[in-house]
Amino acid sequence: MIKNKNILVTSTDVMMIQFLVPHVVHLVELGANVDIACSKAEGYKKEDYENKIKKLLPNTVNFFEIRTERNPINFSNIKGYKDLKNIINEKNYDFIWTNEPVMGVMTRLAARWSRKNGCIVMYLAHGYHFFKGAPKKNWIYYPVEKIMSHFCDLITVINWEDYNFTKKHFKVPVYHIDGIGLSLGKYSNVNVNYDLKRHELGVNKDDILIISVGELQQRKNHMVILKAIANIKDAHLKYIICGRGELENELLQMAKKLNIEDQFCLLGHRYDIPEILSVSDIFVHPSQREGLGIAAIEAMAAGLPLITSNVQGIKDYVKNGKNGFSYEPNDVDGYTDGLKKLINDKVLRKEMGKFNQECARRYRIENSIDQLSKIIMDAIGKN
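Note that the sequence shown covers residues 607 to 989 in our numbering.
Treat each hint with caution, since some may be false.
Stated by the list, open to error - Think about it this way: if two alpha-carbon atoms lie no more than 25 Å apart in a straight line, the pair counts; the simulated DSS-like pairs of lysine-lysine are:
id, residue 1, residue 2
1, 738, 691
2, 980, 773
3, 742, 688
4, 921, 947
5, 833, 652
6, 792, 742
7, 773, 921
8, 946, 839
9, 925, 956
10, 839, 956
11, 660, 691
12, 792, 777
13, 928, 952
14, 792, 811
15, 928, 738
16, 660, 685
17, 685, 803
18, 777, 743
What the hints contain is simulated information worked out from the structure, not anything from laboratory work.
My request is simple: use the sequences and hints to build the entire structure.
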């Protein structure tokens with residue numbers, strides 16, 4: 607058991623509020639004394655996530671703000687390292703669980719003296735930047751992760767490719783969990799007026815609504831879907847993306863260049879994703895890299911068929927031809943063909959969507975909490 611054990615969890619505030627809060631709550635319920643240390647994720651600093659997180663957690667949980675940035679070469683990360691070192695040195699932690707690349711590096715470095723005093727450090731990798739088929743520049747992260755693997759006691763991963771790679775190349779115990787957790791009912795039991803929601807989105811009743819959810823950045827690879835839609839030449843196709851990021855203008859310009867600007871809309875950051883998914887027809891997720899791709903699993907829970915890339919974590923759950931179609935990240939012709947198959951076959955869309963709702967059960971939050979808390983309890987128990 608972990609009753610009265612002191613645990614520190616570190617991540618960005620976005621990671622904390624989107625995925626980690628239920629895990630922290632569960633650790634508290636098990637009797638642990640839990641603190642969290644979060645940095646403010648770039649692009650979300652106006653969301654006031656700190657106060658939102660505090661409202662979701664028991665008042666026994668201490669919240670510390672850390673001055674790290676997602677950019678690994680940002681000099682402010684030195685300040686974040688000092689913040690973490692001060693926090694860790696002031697309290698006798700039995701277990702430290704750190705997430706994400708930059709926070710993971712800073713935390714592991716800051717905890718090296720605590721490890722000598724018996725503290726156990728776990729790094730949860732939400733998807734390595736390096737993987738089979740990744741751009742060569744991504745492999746610069748490999749030696750960093752290999753070195754940092756010596757500064758923790760165990761690594762937990764969320765996809766099988768990362769598990770096999772870690773087991774082969776890193777000399778540290780590795781564990782696999784089925785994602786960081788998803789509340790299925792939030793996406794499968796949605797009460798929404800179909801016609802009104804579609805009208806709000808500017809989509810007609812007889813349109814085929816294609817949706818992506820994710821930041822507007824290069825690795826999400828949204829451009830390839832714009833090209834595929836342009837190939838199909840069907841004015842009844844509508845494509846929306848929920849998310850924000852630095853590629854907003856580029857995506858809009860690309861849609862204009864392809865003469866599909868009337869079929870494309872950027873909705874920005876949304877809090878009604880379950881409702882939007884419930885009135886959509888096809889979910890597309892052509893990422894160049896994904897630790898797992900929680901947005902696609904949310905779409906599965908909502909009963910949508912998938913069109914995805916075949917990289918890293920995504921290939922753990924997409925069965926080509928069974929619950930969707932999967933292609934190389936830049937295979938425009940492949941995405942075009944897959945979209946055509948689903949657009950022209952409503953029965954197939956329904957069959958795949960129903961199958962996906964069953965597949966999504968594997969990634970439910972209860973399952974993830976059980977798997978992760980067992981890893982933590984076993985690690986503390988062996989100490």
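Hints, verified against the model:
The hinted pair formed by residue 738 and residue 691 fails the criterion: a straight-line CA distance of about 35 Å is larger than 25 Å. Restraint check for residue 980 and residue 773: the C-alpha separation of about 20 Å stays at or below 25 Å, so the hint holds. Distance restraint check for residue 742 and residue 688: the Cα-Cα separation of roughly 32 Å exceeds the 25 Å cut-off, and the hinted pair is therefore not satisfied. For the proposed pair residue 921 and residue 947, the alpha carbon gap of about 20 Å is at most 25 Å, so the pair holds.
At roughly 33 Å between alpha-carbon atoms, residue 833 and residue 652 are farther apart than 25 Å, so this suggested pair is violated. Annotation: proposed proximity of residue 792 to residue 742 is violated, straight-line Cα distance about 39 Å (limit 25 Å). Distance hint between residue 773 and residue 921 is fulfilled; the C-alpha atoms sit about 19 Å from each other, no more than 25 Å. Annotation: proposed proximity of residue 946 to residue 839 holds, straight-line Cα distance about 11 Å (limit 25 Å).
Annotation: proposed proximity of residue 925 to residue 956 holds, straight-line Cα distance about 16 Å (limit 25 Å). Distance hint between residue 839 and residue 956 is fulfilled; the C-alpha atoms sit about 23 Å from each other, no more than 25 Å. Using a Cα cut-off of 25 Å, the hinted pair residue 660 and residue 691 holds, with the two alpha carbons roughly 22 Å apart. Restraint check: the Cα-Cα separation between residue 792 and residue 777 comes to about 39 Å, which exceeds 25 Å; the hinted pair is violated.
Only pairs whose Cα atoms come within 25 Å are accepted, and residue 928 paired with residue 952 is accepted, the gap being roughly 15 Å. For the given pair, residue 792 sits about 24 Å from residue 811 by alpha-carbon distance, which is consistent with the 25 Å threshold. Between residue 928 and residue 738, the direct Cα distance comes to roughly 24 Å. Compliance with the 25 Å bound is thereby established for this hinted pair. Restraint check: the Cα-Cα separation between residue 660 and residue 685 comes to about 23 Å, which is no more than 25 Å; the hinted pair holds.
Note on residue 685 and residue 803: the hinted pairing is violated, with a Cα-Cα distance of about 46 Å set against a maximum of 25 Å. Of the pairs offered as hints, the one joining residue 777 and residue 743 holds, with about 24 Å between alpha carbons and a cut-off of 25 Å not exceeded.
The earlier numbered hints that this structure contradicts are 1, 3, 5, 6, 12 and 17.
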